[in-house]
Amino acid sequence: MSLSWLFLKGRRVVATSVAVMLSAVLVLSMLSVSEALEKSAEKRERASSEDILLTTAYLSNGIPGGHALSEEISSDSNVTVATPISLAIASALVGGEDLPLVGVGVIPGEIEKFMGEDGVLFISGQKMEISDFFEEKGDPYFAGGYKGRWTGEILLDEVLKGKYGLRKGSRIELSGPGGRMNFTVSGFFSTTLTGGGVVSYYVKGAFMVHLSELQALSGLALSPDNGTVVDRCWGILIKVSEKLREDNEAFESFASSLKARYPLYKVITLQERFKRLDEQYNLVKVYSFSISFISASVGLLFLLAIMYINVQQKGQLLRVLKAIGASNRDIFLEVYLSSLLILFVSFLSAILVSYFVAGYINDYFVSSTGIDVSYAILNTSVALKAFLIFAGLGAVLNLYPTFKAVRIKLEGVRAPPERW
Amino acid sequence: MYLTGNLKRRPLRTVTIILTIALAISINISLSSLSSGLSYSARELIEDVGMDLIVLPRGTAPLLMELTTMDWGHRMWEEIMEIEHVEAAAPRYLSYLFVRCSDGNFTEVPVYGIMPEMEMKFTQFRIKEGFYFTSGNDSGEVRDGALLSSALLKKTGLGVGDAVVFHIPTPEGGWREFSFQITGEYTDALNEDGKEALISLTTLQVITGVREKDTISEILIKLTDERWEEDVREYLTQQFTYRDSITVYSEEEIYEEVQRIVDILDNFSLIIYLLTTTISLIIFSTIFIINLLERREELGVLNILGIPRRAIASGVLAEGILYSMAGFVLALVLSNAFMRGFSSIVQKYYWKLPEGATLFYSSLPATLYFFLLCIAIALVSTLPGALYYLKKTPVELIRGESV
Numbered sequence: 001m002s003l004s005w006l007f008l009k010g011r012r013v014v015a016t017s018v019a020v021m022l023s024a025v026l027v028l029s030m031l032s033v034s035e036a037l038e039k040s041a042e043k044r045e046r047a048s049s050e051d052i053l054l055t056t057a058y059l060s061n062g063i064p065g066g067h068a069l070s071e072e073i074s075s076d077s078n079v080t081v082a083t084p085i086s087l088a089i090a091s092a093l094v095g096g097e098d099l100p101l102v103g104v105g106v107i108p109g110e111i112e113k114f115m116g117e118d119g120v121l122f123i124s125g126q127k128m129e130i131s132d133f134f135e136e137k138g139d140p141y142f143a144g145g146y147k148g149r150w151t152g153e154i155l156l157d158e159v160l161k162g163k164y165g166l167r168k169g170s171r172i173e174l175s176g177p178g179g180r181m182n183f184t185v186s187g188f189f190s191t192t193l194t195g196g197g198v199v200s201y202y203v204k205g206a207f208m209v210h211l212s213e214l215q216a217l218s219g220l221a222l223s224p225d226n227g228t229v230v231d232r233c234w235g236i237l238i239k240v241s242e243k244l245r246e247d248n249e250a251f252e253s254f255a256s257s258l259k260a261r262y263p264l265y266k267v268i269t270l271q272e273r274f275k276r277l278d279e280q281y282n283l284v285k286v287y288s289f290s291i292s293f294i295s296a297s298v299g300l301l302f303l304l305a306i307m308y309i310n311v312q313q314k315g316q317l318l319r320v321l322k323a324i325g326a327s328n329r330d331i332f333l334e335v336y337l338s339s340l341l342i343l344f345v346s347f348l349s350a351i352l353v354s355y356f357v358a359g360y361i362n363d364y365f366v367s368s369t370g371i372d373v374s375y376a377i378l379n380t381s382v383a384l385k386a387f388l389i390f391a392g393l394g395a396v397l398n399l400y401p402t403f404k405a406v407r408i409k410l411e412g413v414r415a416p417p418e419r420w
Numbered sequence: 001m002y003l004t005g006n007l008k009r010r011p012l013r014t015v016t017i018i019l020t021i022a023l024a025i026s027i028n029i030s031l032s033s034l035s036s037g038l039s040y041s042a043r044e045l046i047e048d049v050g051m052d053l054i055v056l057p058r059g060t061a062p063l064l065m066e067l068t069t070m071d072w073g074h075r076m077w078e079e080i081m082e083i084e085h086v087e088a089a090a091p092r093y094l095s096y097l098f099v100r101c102s103d104g105n106f107t108e109v110p111v112y113g114i115m116p117e118m119e120m121k122f123t124q125f126r127i128k129e130g131f132y133f134t135s136g137n138d139s140g141e142v143r144d145g146a147l148l149s150s151a152l153l154k155k156t157g158l159g160v161g162d163a164v165v166f167h168i169p170t171p172e173g174g175w176r177e178f179s180f181q182i183t184g185e186y187t188d189a190l191n192e193d194g195k196e197a198l199i200s201l202t203t204l205q206v207i208t209g210v211r212e213k214d215t216i217s218e219i220l221i222k223l224t225d226e227r228w229e230e231d232v233r234e235y236l237t238q239q240f241t242y243r244d245s246i247t248v249y250s251e252e253e254i255y256e257e258v259q260r261i262v263d264i265l266d267n268f269s270l271i272i273y274l275l276t277t278t279i280s281l282i283i284f285s286t287i288f289i290i291n292l293l294e295r296r297e298e299l300g301v302l303n304i305l306g307i308p309r310r311a312i313a314s315g316v317l318a319e320g321i322l323y324s325m326a327g328f329v330l331a332l333v334l335s336n337a338f339m340r341g342f343s344s345i346v347q348k349y350y351w352k353l354p355e356g357a358t359l360f361y362s363s364l365p366a367t368l369y370f371f372l373l374c375i376a377i378a379l380v381s382t383l384p385g386a387l388y389y390l391k392k393t394p395v396e397l398i399r400g401e402s403v
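As given, the protein sequences belong to chains B and Y, one line each in that order.
Following my numbering, the numbering of the first sequence begins with 1 at its first residue and continues without gaps.
Following my numbering, the numbering of the second sequence begins with 1 at its first residue and continues without gaps.
Some clues are possibly wrong.
[As the list claims (entries may be wrong)] Pairs of lysine-lysine, DSS-like flavour, derived with a Cα cap of 25 Å:
#1 Y:Lys213 with B:Lys147
#2 B:Lys322 with B:Lys409
#3 B:Lys9 with Y:Lys213
#4 B:Lys239 with B:Lys275
Since the hints were made in silico from the structure, they are not lab data.
Only chain B is shown next, with the shape it has when bound in the complex:
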């Protein structure tokens, strides 16, 4: 058996291979974007430092009495550590610019227990890589009923360090609904923010301070009306004991008991996050699969047409082959394998091209959004999915020209080439 007859029309084969390759590139690109969106979010969620997050539905700092609630949860024998955190937007005047920053308020000694050995902290899927840490591990300002010692320690986003020349020991003034407050830079951490892209129109960077100091800055410490302590926070991070983590049933039961104890708040476990992610990314998957399927159809339809033209134009050759003893099986294999060979070679080249396309897509999205996460992943799973689409569709579509070749009539050996 020889496939050489197919390659008598070299330019045609090249054009076909390029078209099939480009449609495969399109399929691989769409699938790699959908894979990246889902998998990188899943990876971040999986890396989350907390086992359970007790929070409100919105970024509303809607949990009052955060310190007390956290202590109450910590006292449960199933809990290793629980700590309250707050989120807020504050602005800093740096280098004559009014910079909107997103802030996280933590109790250092407690949040440390959620950090990995490499200083990486994932809060609700958001990565923070901390290189320097607070000297004061407690929350002394809160301990004194929001009149205690003001540490003024602040950790800043690396982006701010690079862009505004801030160093350890630099003074920075932040303003929020609670007023203007002074801080001293005690270290830096890196986040997924790059300092550019569309996000930089909203926040220029991030900072981390002691919980009570953020609460004071953002008006979450005391009631504005009567000055009583409200101690509002966004959520309580909970780390459960090893024993509980390994026992799914007991873990679910503990999560349910938390729901019953705190009916106003959401008790979010890793499983629930995955379920939510699935719901969010199903739509992206449907859309990218539709586009992939259409583009694969375009390339493979062309392959079908070219194979058909080849069969018709080389009809005489096939008849001669049959006349000198080639079986239908031989003809079938020759035509079918030729088309699959083009498909396979095109697909392999597409993987190589897609590697660069995926890299370009990734760089483009990182620079245009300003968030450094994966936007296109070309891995074995993506390649396999794309290959299944291609091989499945290609194998079915190319049966048509193959059967045409097998059924070619020997009687026509003297006839001129058939037109179709």
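Given chain B's structure and the hints, the job is docking chain Y onto it.
Only chain Y this time, still in chain B's reference frame:
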């Protein structure tokens, strides 16, 4: 007749060329319609609010307007109302309260504190049933009136005329309850599916403990005429007593913020446009050249019979354009079917788009652009063939090796 006859002669090739163009162009149309749909919907929704300017806390980007607050809201409002050319100003305070759903669980919902008489001049909140409440109706258990969105009414199983109880957690671990009589049902033009509520601004400030500082989130401004926009903005940023605590945005600036995000999708789509257009070009030109080479002798004979070479070349181009037109029409049909199907999946399983919003939007200029793209693909694919026939003599064509 000769042209259409050629289309019928080799049906599989004709179908392949037409389908290729149709599928490739339909991918482009649906992608372009998606970004147009997002832009169009953003503009429609922003216009639906009926404001000309919005006053936000200083340094707040338009799309983060719900995360920050400013104080002395009523005083700000009074001063704004005194500005010439201001027809109405609606201060709002957004907070999040808890309400019990029909299944017994609590849900946290956005509650806007509003001034009903001012809010009526804007069109974000649309009353479906009942009426706006009047403030200060404190009569025992039911403190005040409230409007609930249709989605929240459904979630809580309540109706107009019933009492709704909002819960606010306390630092001690319990909660306080506040009852309101539901005076009406509304939909939010920006979020038709939103589970939310409206109560009096002052009441919300009191129950959330921010009355003393008179905290608010935003003030919407409607002018007597759009042409005063710059004058009022200048006043607000230069003479307004609270100018250092605010940021002012126009309707157009908010739209531009949304457009910045849509542009990212638009630029990404360019990669796909480029790939699909190249694929169509390769497929169209390859099959077309094969067709022409096969008909070389036939076209040579036509030339000998007296049909000028220029006419033959024009016929070749016209044939290509005919293919592309058929492909374009099919692309319109396919892309519309895809967009309708995808939209209905989104609406059914994911979220209900607000009235006036659409996921896909096909404009006439965009359709014209894709029509011209089809013509361009046809011309680029057929031009080499047409030029080939212009250069060759009939004898050369007839003598040419049969393919």
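- Item | Proposed proximity, B:Lys409 with B:Lys322 (alpha carbon, max 25 Å) | 9 Å, holds
- Does the alpha-carbon distance linking Y:Lys213 and B:Lys147 stay inside the 25 Å limit? Satisfied, since the Cα-Cα distance of roughly 21 Å is no more than 25 Å.
- Would the pair B:Lys9 and Y:Lys213 pass a check requiring their Cα atoms to be no farther apart than 25 Å? Given that 25 Å is the threshold and the Cα spacing comes to 82 Å, the pair is violated.
- Hint consistency between B:Lys239 and B:Lys275 [alpha-carbon to alpha-carbon, up to 25 Å]: 20 Å, holds
In summary, the one numbered hint that this structure violates is 3.
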